[in-house]
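Given chain U's structure and the hints, the job is docking chain C onto it.
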Amino acid sequence: MFKFFLIKLAQLVPTFIGVTIVAFAFIRLLPGDPILLMAGERGISAERYAELKAQMGFDRSLVTQYFDFLKGLLHGDLGNSLVTHSPVMDEFMSRFPATLELSLFALAFAVIIGLPAGVLAAVKRGKTLDHTVMGVSLTGYSMPIFWWGLLLIMLFSSTLGWTPVSGRISFLYFIDSVTGFMTIDSLIAGDWGAFLSALHHLVLPAIVLGTIPLAVIARQTRSSMLEVLGEDYVRTARAKGLSNFRVIMVHTLRNALISVVTVIGLQVGLLLAGAILTETIFSWPGIGKWMIDAISRRDYPSVQGGLVLIAFIVMIVNLLVDIAYGVINPRIRH
Amino acid sequence: MALLDIEGLSVRFQTSSGLFAAVEGVNINVDRGEVWSIVGESGSGKSVSMLATMGLLPWTAQVTADKMAFDGQDLQQLSSRQRRRIVGGEMSMIFQEPMSSLNPCFTVGTQIDEMIKQHLGGSRKERHERALDLLAQVGIPDPARRIKAYPHQLSGGMSQRVMIAMAISCNPRLLIADEPTTALDVTIQAQILELLLRLQEDTGMALILITHDMGVVAETAKHVVVQYAGRQVEKQDVKSLFANPRHPYTEALLSALPERAGDQDRLPTIPGVVPGQHDRPTGCLFNPRCRYATEHCREVEPVAAPDDPARTLCHYPLEDGISPSPAAAARDNPQSSPHREVRP
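As they're listed, the protein sequences go chains U and C.
Residue numbers for the first sequence follow this note's numbering, beginning at 1 and rising by one.
Residue numbers for the second sequence follow this note's numbering, beginning at 1 and rising by one.
Here chain U stands alone, though its shape is the one from the complex:
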């Protein structure tokens, strides 16, 4: 198992190098120039432009710049933002917990509803419940995030007034940041009101962000369960005189999970992408909103640093999925 882990870890190295190249090249390939954008409509003299360019290090060759970026990266230094002049790492880290909290709640929502829905649909194949689950999940899957988010805001926030429209917590509360998770920090502070307010703010964005993964997980679970239910070893399990519950929840689900876990892992990448839209709709102060701002300002260090960090997180999650895969499926381990 340890060897399996090391091999998987080693495989990440070339991927990571590729990511740094793409992240570095991506923002520079976009038209637009950070210095001109900063100067705004008044423009800037050629001397001042050259001076600033040298100051930011953009006058050097791309190769030198890239290796500079790589060197800093290996030291954990992603450079400073061109706009705020504070370290990119700090900017990212101060916003990342908000995105992580949102994504985790969205994923939890998707798994907690999607997995049982898929199992039930498979067990009740062809019945009304099956058609309902599949119909609803197809609708959810086809729903554009921004539109779905706006619909929910209109209904629950504007019309019914059940949930707040934006933000992470009511301005009435001020909670010291310990973990960066508003829900956990408010519990640590022992402030119930703040905790409820944080949850209140979290519900709608989490549902919006979790809808597509929910649909994907439900459909994958159903088809995977149906496939496994036809296997010989499920018949063996029934021949052992086991209860229907045990046959389905132990013998069938365990095997069906192998493909579901892969799909859940793939959803994490999509979650971070979806977070950008969701955060914009709900003014959620996470990295999605921050990245959008950085891109529009051509803040090279922030964009390349942010991309590398996001890619790094997705890679780590996939590594964890691979490991989970090995734990669930003994045929991979050996």
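Derived from the structure by calculation, the hints contain no laboratory data.
Owing to the predicted nature of the structure, the values given are computational and were not obtained by experimental measurement.
Treat the hints with care, as some may be off.
[Claimed, not checked] Cut-off 25 Å, straight-line C-alpha distance, at most; resulting in silico cross-link-like pairs (SDA-like, lysine to any residue):
hint: 1; chain 1: U; residue 1: 71; chain 2: U; residue 2: 22
hint: 2; chain 1: C; residue 1: 67; chain 2: C; residue 2: 99
hint: 3; chain 1: U; residue 1: 127; chain 2: C; residue 2: 18
hint: 4; chain 1: C; residue 1: 148; chain 2: U; residue 2: 2
Same frame as chain U, but now just chain C:
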């Protein structure tokens, strides 16, 4: 009282083109410690009738029977909870494909343990000891190591041994083996059959062996049921079956045995295939392939004569290897032996 008493078992499947009778009118009455065999080609409904007995058919199957009792308990009347106590505990089954019949996610030990826990209980240590003991009984070398193995680490023969160990783990009184050797090498086939027979003798359980190999029947069973296209066509003890087959289908199966073909240079075969759902003939289901079939056979469905102990499903049951059918007399004029293929 028979251990397994089945009268008039029928299984119908709801298909897109209506009900399909996969099994019809099967009777089996297995006494304690008896070895039975069910023979017939693929598609004869051998497995389906036994899966119906075990209650393992999918929900699309409609199982009906005049009588379906295990040790006096009516299987059709039992609640599913009561039936699960019998299935696996008192009556267990092994299958054709050992490699896919074990759950790939659990070790051999876990899968045996689960069965013991379900029916016999006992402490974890006792169950572990029993599992080790069972693995040794079915001839698995180094049980202490194999008990931790996953199914994909075992060969087909080993997997079938594990299946057998699991099936006998709760001291069943009846073991149903559904073509247990079909997927295995010839050398392993013999070993597995030997193992099954030894276990049967040691434990005194009854054994029903589903097979399409008449050679296996001769070596193992005491009683034989012959099935064709879901119908039971004949039921005899093995000696009289081999000496005096009553149904032309049985006779044809026997003459296809290499040992019986004698000095002929070509092995006799039965022309055609078992009819499926859409190509069932009228009259006797075997008539298109039967060498003795007459117009009567093609029109009227046969019923077993009430005084016939073999319950032969034929208008002209064979008597001492000779068919009373007019077709036989007309055709077989120069040839005396019914086992000989007529060749130009």
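Status of the hints after comparison with the structure:
1. U:71 / U:22: 16 Å, holds
2. C:67 / C:99: 34 Å, violated
3. U:127 / C:18: Satisfied, since the Cα-Cα distance of roughly 20 Å is no more than 25 Å.
4. C:148 / U:2: 19 Å, holds
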